[in-house]
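Student: Chain residues, written in single-letter form:
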Amino acid sequence: ETGVTQSPTHLIKTRGQQVTLRCSSQSGHNTVSWYQQALGQGPQFIFQYYREEENGRGNFPPRFSGLQFPNYSSELNVNALELDDSALYLCASSFSRTDGLVSYNEQFFGPGTRLTVL
Amino acid sequence: RKEVEQDPGPFNVPEGATVAFNCTYSNSASQSFFWYRQDCRKEPKLLMSVYSSGNEDGRFTAQLNRASQYISLLIRDSKLSDSATYLCAVTRPYNQGGKLIFGQGTELSVKP
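For the protein sequence lines, the chains are A and B, in the order given. Heads up, my numbering is the position in the first sequence plus 110, with the first residue counted as 1. Heads up, my numbering is the position in the second sequence plus 7, with the first residue counted as 1.
No wet-lab data here; the hints were simulated from the structure. Just so it is clear, the structure is predicted and the values come from calculations on it, not from any experiment.
Taking CB as the label site, the calculated pair distances span:
(1) B:Gln76 x A:Gln151: 17 to 23 Å
(2) B:Asn62 x A:Arg167: 29 to 35 Å
(3) A:Asn189 x B:Ala74: 42 to 48 Å
(4) B:Asp46 x A:Leu177: 27 to 33 Å
(5) A:Gly138 x B:Pro21: 39 to 45 Å
(6) B:Lys86 x A:Leu193: 35 to 41 Å
(7) B:Asp46 x A:Thr226: 18 to 24 Å
(8) B:Gln76 x A:Phe170: 22 to 28 Å
(9) B:Pro21 x A:Leu193: 38 to 44 Å
(10) A:Pro171 x B:Leu53: 28 to 34 Å
(11) A:Asn181 x B:Ser35: 35 to 41 Å
(12) A:Arg173 x B:Ser56: 32 to 38 Å
Derived contacts from chain A toward chain B, CB cut-off under 7 Å, selection only:
(13) Gln151
(14) Gly152
(15) Pro153
(16) Phe155
(17) Gly166
(18) Leu200
(19) Glu216
(20) Phe219
(21) Pro221
(22) Gly222
Backbone N, C-alpha and C define an ideal beta-carbon position, used for all residues, glycine too.
Use the sequences and the hints to build the structure in full.
Tutor: Structure below.
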């Protein structure tokens, strides 16, 4: 096991609602990245958090936002849910150098949260 | 064209077969390369990092060809338990956001 945990494991929401997903990183890691994986596709990068700040973002609208806490855990918030937001949401934990440059170290994934939007 | 592309699947092979996965990437400045394995409805698990010198872990061998911008994964003596989707992933350089870009995955089914 990677030691990366996510909650909840499953979630059902309706269009227009808001959702918060949570991730606890592996011990010793300081960086959390979030991904969206639709059925039959590879994970798509949403954003990354390092030292409580966003440190890179993919092609996702502003209604996808996040936070990182001093203990390096993280939240992903999605507002105004759309049907296409239905997917597996994965967080990945890694270690970044203290100069803030993005880590090229391996990323380890949590079990994911499966979100269904009706 | 997608930034990372993999062989379309699925691959259906008998037990004991050797199977090769290929993955191409379009960003020549890509920095790090990985193979992940993903079981149905589970999270991706890191299988191997891929280095220019190539690396081997038991039945698994990964190769990187920077000149041709592709990475490969070879599985020898395949087992039923190797059935999964194999994802290649590439890291952009930090001055391009440094994010990990995945291919769409190639499904492998090993049959008795």
